[in-house]
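Sequence lines, in order, name chains A and B. 0 is the number of the first residue of the first sequence in numbering that gives the first Met the number 0; add one for each residue after it. 0 is the number of the first residue of the second sequence in numbering that gives the first Met the number 0; add one for each residue after it.
By construction, these hints were calculated from the structure, which means they are not laboratory data. Mixed in with the good hints, there may be bad ones.
If several chains are the same, the list does not tell them apart, and a pair holds so long as it fits within one copy or across any two.
[As the list claims (entries may be wrong)] Heads up, simulated BS3-like pairs for lysine-lysine below, C-alpha to C-alpha not over 25 angstroms straight-line:
| id | residue 1 | residue 2 |
| --- | --- | --- |
| 1 | K124 | K217 |
| 2 | K175 | K263 |
| 3 | K124 | K260 |
| 4 | K152 | K124 |
| 5 | K196 | K260 |
| 6 | K175 | K271 |
| 7 | K283 | K175 |
Protein chains: 2
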Amino acid sequence: MKNLTIGVDIGGTNIKLGIINSQGKIISRGNLQTTKYAKSKNVLIKALISELDSLLEKNSLKATDILGIGIGLPGLVDYEKGNVIFLPNVPGWHNVPLKKIIESKIRIKTFLDNDVNLIALGEWKLGAGSNYENLICITLGTGVGGGLILDNKLYRGEGFAAGEIGHIPLNEKGKKCNCGGTACLEATIGRNALMQKAAILFKKRNIDLKEVYDLAEKGNARAIDFWRQTANHLGNGLVGIVNVLNPQLIVIGGGVSGSYKFLKPAFLKVLKERTMTVQSRMIKIAQAKLGDDAGIIGANVLVRESVS
Amino acid sequence: MKNLTIGVDIGGTNIKLGIINSQGKIISRGNLQTTKYAKSKNVLIKALISELDSLLEKNSLKATDILGIGIGLPGLVDYEKGNVIFLPNVPGWHNVPLKKIIESKIRIKTFLDNDVNLIALGEWKLGAGSNYENLICITLGTGVGGGLILDNKLYRGEGFAAGEIGHIPLNEKGKKCNCGGTACLEATIGRNALMQKAAILFKKRNIDLKEVYDLAEKGNARAIDFWRQTANHLGNGLVGIVNVLNPQLIVIGGGVSGSYKFLKPAFLKVLKERTMTVQSRMIKIAQAKLGDDAGIIGANVLVRESVS
Numbered sequence: 000m001k002n003l004t005i006g007v008d009i010g011g012t013n014i015k016l017g018i019i020n021s022q023g024k025i026i027s028r029g030n031l032q033t034t035k036y037a038k039s040k041n042v043l044i045k046a047l048i049s050e051l052d053s054l055l056e057k058n059s060l061k062a063t064d065i066l067g068i069g070i071g072l073p074g075l076v077d078y079e080k081g082n083v084i085f086l087p088n089v090p091g092w093h094n095v096p097l098k099k100i101i102e103s104k105i106r107i108k109t110f111l112d113n114d115v116n117l118i119a120l121g122e123w124k125l126g127a128g129s130n131y132e133n134l135i136c137i138t139l140g141t142g143v144g145g146g147l148i149l150d151n152k153l154y155r156g157e158g159f160a161a162g163e164i165g166h167i168p169l170n171e172k173g174k175k176c177n178c179g180g181t182a183c184l185e186a187t188i189g190r191n192a193l194m195q196k197a198a199i200l201f202k203k204r205n206i207d208l209k210e211v212y213d214l215a216e217k218g219n220a221r222a223i224d225f226w227r228q229t230a231n232h233l234g235n236g237l238v239g240i241v242n243v244l245n246p247q248l249i250v251i252g253g254g255v256s257g258s259y260k261f262l263k264p265a266f267l268k269v270l271k272e273r274t275m276t277v278q279s280r281m282i283k284i285a286q287a288k289l290g291d292d293a294g295i296i297g298a299n300v301l302v303r304e305s306v307s
Numbered sequence: 000m001k002n003l004t005i006g007v008d009i010g011g012t013n014i015k016l017g018i019i020n021s022q023g024k025i026i027s028r029g030n031l032q033t034t035k036y037a038k039s040k041n042v043l044i045k046a047l048i049s050e051l052d053s054l055l056e057k058n059s060l061k062a063t064d065i066l067g068i069g070i071g072l073p074g075l076v077d078y079e080k081g082n083v084i085f086l087p088n089v090p091g092w093h094n095v096p097l098k099k100i101i102e103s104k105i106r107i108k109t110f111l112d113n114d115v116n117l118i119a120l121g122e123w124k125l126g127a128g129s130n131y132e133n134l135i136c137i138t139l140g141t142g143v144g145g146g147l148i149l150d151n152k153l154y155r156g157e158g159f160a161a162g163e164i165g166h167i168p169l170n171e172k173g174k175k176c177n178c179g180g181t182a183c184l185e186a187t188i189g190r191n192a193l194m195q196k197a198a199i200l201f202k203k204r205n206i207d208l209k210e211v212y213d214l215a216e217k218g219n220a221r222a223i224d225f226w227r228q229t230a231n232h233l234g235n236g237l238v239g240i241v242n243v244l245n246p247q248l249i250v251i252g253g254g255v256s257g258s259y260k261f262l263k264p265a266f267l268k269v270l271k272e273r274t275m276t277v278q279s280r281m282i283k284i285a286q287a288k289l290g291d292d293a294g295i296i297g298a299n300v301l302v303r304e305s306v307s
């Protein structure tokens with residue numbers, strides 16, 4: 000046993016793999032194009048197993064050198080049974096006993112979880128949230144996701160569906176959200192909503208959020224205000240959760256968090272002003288540190304938390 | 000050791016005490032008027048200790064017959080240290096090491112917690128929530144409070160201030176709340192707000208909410224609609240928390256929950272319609288079962304959870 004883990008991050012376009020040591024460092028990497036294998040779940044699982052095998056071989060490692068395999072998936076995962084319940088954006092994934100399948104092919108203990116939960120685990124143990132016992136990790140991207148570390152443990156919810164920060168309503172009335180809800184945070188600050196707003200504001204179709212960031216960097220008042228308003232909505236959305244959970248830290252990750260610099264002041268101001276005394280005094284915010292590796296590093300943490 | 004506990008519920012007007020057996024049954028009671036002793040915290044603590052002593056004596060019990068004393072207080076309590084940090088409505092209570100004081104006078108292990116946390120513990124183990132691992136307990140009264148059981152454990156938050164369901168904002172803009180926040184649920188459905196609304200609606204100053212309940216019982220459409228609207232706000236306020244925590248059950252207690260019958264249909268409808276698929280499918284609601292004894296029965300649960 001060399002105290003290594005393998006982290007796997009299954010995304011809509013890529014599958015990233017990494018061998019991770021006990022310090023949380025990625026010592027070897029693998030990669031697969033999800034789209035190339037997405038036609039059937041069996042094809043994808045076969046490709047994943049073969050990539051796992053070659054990663055071991057490339058590093059001259061045996062199954063017994065590996066503590067466990069952690070796998071993050073973009074959807075609903077039964078962590079306890081090791082089943083993928085449902086992936087909304089990868090066809091054919093309904094109730095797949097992936098843990099059992101992997102373990103039958105490769106003799107390494109395997110653990111599955113939702114990808115945002117793994118980001119939360121990664122940031123908690125090896126990123127922006129180390130030494131915190133109660134934190135909320137938010138991913139700002141096409142979706143607005145979340146993971147909760149409560150009492151020094153990942154909280155998954157009764158049906159493994161906890162953490163849906165993006166589906167906190169901002170108001171009692173408003174736009175219908177894709178989830179079926181009304182006035183959800185994601186419907187206002189998800190990437191699509193922000194891009195639509197930016198397109199109108201800057202009179203340019205398909206304007207990229209990176210451009211709005213660059214404009215803000217150049218001091219463009221409209222762009223700075225765009226991020227300030229985004230942060231206000233984010234803050235307003237989080238006030239209730241901060242009052243109810245009394246966390247110590249909110250970690251902001253995901254693609255849109257590239258604009259953290261412009262989001263931070265207004266976000267923190269709203270939280271400090273609108274939350275209750277105790278909650279307000281202790282809440283801190285931080286930018287996620289692990290970037291694109293958060294998923295595989297979090298998968299490594301999942302393994303270490305699960306086997307301990 | 001007779002496997003008994005003593006539960007104490009310190010309220011703004013009364014202090015209730017009870018000796019509770021291993022089945023959660025109150026086998027003997029004590030009582031003090033808070034107001035009579037509230038002039039100084041030392042006077043109140045002395046009265047409490049003397050009442051505890053006489054409760055033991057009356058039942059021919061020795062300190063060694065009692066597993067522990069649990070005490071619920073209406074404010075911020077450091078459960079770990081056993082300190083009362085602050086009671087907003089009882090003068091002079093700032094950083095009082097009540098656990099240490101009681102234990103030095105009576106040789107029984109003592110545990111303190113916030114009163115709403117104790118209601119949640121009581122309902123979870125011995126009330127409407129038994130056999131549930133993830134539940135939210137809400138108290139509807141002058142304040143709108145809450146307690147969280149997550150992963151089969153009371154969740155207190157980083158600064159022991161978690162559970163503030165009443166201070167979830169309903170909207171981004173709105174009335175300023177006493178807590179400093181904006182558009183909080185409590186500012187819309189707390190007892191005072193409801194009484195003001197009822198006074199206007201029924202053109203009667205100081206109308207009691209019990210009267211509005213009685214009118215609804217008689218089929219008064221305006222009264223039925225009053226409770227329906229209240230339930231809609233409550234539901235709208237809870238959607239975000241249900242999406243984020245994915246609990247199995249919401250227990251509704253507190254004085255205003257006397258109107259549960261008229262609150263239930265609309266509350267459940269909003270939750271089912273506005274929360275996400277998994278969350279919506281599993282969420283249930285129930286009326287609290289323990290009534291006025293919830294505090295002392297919860298204090299009994301606190302003792303048993305703490306010593307085990």
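Now for the hints, and whether the structure bears them out:
no.: 1; hint: K124 <-> K217; result: neither (36 angstroms within a copy, 59 angstroms between copies)
no.: 2; hint: K175 <-> K263; result: between (28 angstroms within a copy, 24 angstroms between copies)
no.: 3; hint: K124 <-> K260; result: within (23 angstroms within a copy, 46 angstroms between copies)
no.: 4; hint: K152 <-> K124; result: both (11 angstroms within a copy, 22 angstroms between copies)
no.: 5; hint: K196 <-> K260; result: within (20 angstroms within a copy, 44 angstroms between copies)
no.: 6; hint: K175 <-> K271; result: between (29 angstroms within a copy, 15 angstroms between copies)
no.: 7; hint: K283 <-> K175; result: between (31 angstroms within a copy, 23 angstroms between copies)
In terms of the numbered hints stated before, the structure departs from hint 1 and from no other.
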